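Trainee: Each chain, letter by letter, is given below.
Protein chains: 2
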Amino acid sequence: MMRTGFQRVARLVHHKALPRNPHLLPKLHQASAFGSSTDSLVARFCPEKTDLKDYALPNASWCPDMLSLYQEFLEKTKSGRWIKLPSFKSNREHIQGLKLPSGLVTASDKQDWRIFTRCILLEGQGYEYVIFFHPSEKKSVCLFQPGPYLEGAPGFAHGGSLAAMMDETFSKTAYLAGEGLFTLSLNIRFKNLIPVGSLAVLDIQVEKIEDQKLHMSCIAQSRDKQTVYAKCSGVFLQMQLEEDPPQ
Amino acid sequence: MMRTGFQRVARLVHHKALPRNPHLLPKLHQASAFGSSTDSLVARFCPEKTDLKDYALPNASWCPDMLSLYQEFLEKTKSGRWIKLPSFKSNREHIQGLKLPSGLVTASDKQDWRIFTRCILLEGQGYEYVIFFHPSEKKSVCLFQPGPYLEGAPGFAHGGSLAAMMDETFSKTAYLAGEGLFTLSLNIRFKNLIPVGSLAVLDIQVEKIEDQKLHMSCIAQSRDKQTVYAKCSGVFLQMQLEEDPPQ
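Chains A and B supply the protein sequences, listed in that same order.
The numbers in my numbering rise by one with no breaks, and the one at position 183 of the first sequence is 183.
The numbers in my numbering rise by one with no breaks, and the one at position 100 of the second sequence is 100.
I should point out that these hints are in silico values taken from the structure, not numbers from a laboratory.
These numbers come from a predicted model, not from an experiment.
Watch out, some of these pointers could steer you wrong.
Taking lysine to aspartate or glutamate pairs in the EDC-like style, the calculated list, with each CA pair at most 20 Å apart, reads [as the list claims (entries may be wrong)]:
hint	chain 1	residue 1	chain 2	residue 2
1	A	K191	B	D211
2	A	K139	A	D39
3	B	K191	A	D39
What follows is a list of derived Cβ distance ranges for each label pair [what the hints assert, rightly or not]:
hint	chain 1	residue 1	chain 2	residue 2	range
4	A	D211	B	K208	31 to 39 Å
5	A	E72	B	E72	53 to 61 Å
6	B	K99	A	S36	35 to 43 Å
Ideal placement from N, C-alpha and C gives every residue a C-beta, glycine not left out.
So that you can see chain A by itself, here it is in the shape it has in the complex (with noise of 0.2 Å):
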């Protein structure tokens, strides 16, 4: 049952039906759709006093690059207009008391769910990144740094890691900035492999939002900028969630 009433929301969406299918789609409020402020949305994204553990932060793995880099970022949220997003094992807990489009229905919590880019738990031997959003230019910054579990070609990262991460930067980056919430499509064209280990930057922007879709780009590189790993755009679904009901 799960399986089919997802895959009709999402194929109803996917193909501009949502007029003639209004039973199966996420309720949304027109007068106010896609009207939840950033400010609210970085609030319930980012909370204060939280035990959930926060896996964007600094250890014993980051190369001097990441880490200097990720200090020239946290000095900057101190004037409050770049944010650094926490994030958790799953997504499930970046969207706790919100529920998804209706007709859809989760599976059972009773599995070790991880979002993809938190799978490899082990400090540097997965992704090591960290995520920084700039609300009011709708733009994001991303430090990766791929550890030698997404080794494609021996010793630099797999293309399809770089993808995963690209999309987990606009994914969160798309929520956000506009309500975002599902990729539509990605194209990536890829410039260089990087070597396992070392530091990537990944410079996101919202280009613009029409049609219930945001459109956003996303450019890779080295930190001085020298060389570009890739460039690739995507576009991401808008749709509210509802907040849930108390208990």
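With the hints as your guide, set chain B onto chain A.
Mentor: Using the frame of chain A, we list chain B on its own:
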């Protein structure tokens, strides 16, 4: 040195600057470039005897759909038209005895290197997949079952995990079909989400080989083809690997 060397090689190749900078490039034997037969590539890639663990074998986590389609394709390998590709923990093991392009130095072997799509070794938690290749028709089928560590939206596979699976299946197909080595571009359109624990079938086809580039397409869908999860096109750069001289 490794980093600069590799990036220069990769950048030159990407910018079609091969003729002007031959000293940095892999030694291409123009007369025979990209002339290795598919048979010899397959023979090297699928050793009849090896001590390496093959991760593309059924285990208790495989869903009934995955298991029965695996058996179907395994049956087809008996005629010799289809080949089941082994899947080792690292690409280093797949290219044993071959040299990477000159100018590149691979990182040390001391770490626990893993190809990204085998980054999680716990059965059923991460990537479960097996690739079958059809040499004469230059096409592949990948049976892919995402586990709970590959989550994006609650209960569903992260778009990035599917992007990586497509890139990896393209990569193996490109190598065997025409010595395709590096991903130049990926263009993905997502249609529906894949429920965690269920089977997605990826059909990959080499569309054409032109100007040292392999153009490939992929459709990921449910076994009954009623639900399309995503469509993707990819371009890979051909580059012939030389045999390592015997030690």
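Trainee: What's the verdict on K191 of chain B and D39 of chain A, does the C-alpha distance respect the 20 Å limit or exceed it?
Mentor: Answer violated: K191 of chain B to D39 of chain A is near 31 Å, above 20 Å.
Trainee: Quick check on a hinted range of 53 to 61 Å for E72 of chain A and E72 of chain B, using CB atoms only.
Mentor: holds (55 Å)
Trainee: Taking only the CA atoms, is the gap from K191 of chain A to D211 of chain B under or equal to 20 Å?
Mentor: Judged against 20 Å, a Cα distance of about 17 Å means the pair holds.
Trainee: Can the suggested window of 31 to 39 Å be confirmed for the beta-carbon pair D211 of chain A and K208 of chain B?
Mentor: At 34 Å between Cβs, range holds.
Trainee: CA of K139 of chain A to CA of D39 of chain A, is that 20 Å or under?
Mentor: holds (14 Å)
Trainee: Given a hint of 35 to 43 Å, does the C-beta separation of K99 of chain B and S36 of chain A actually sit inside it?
Mentor: violated (55 Å)
When each numbered hint is compared with the structure, violations occur for hints 3, 6.
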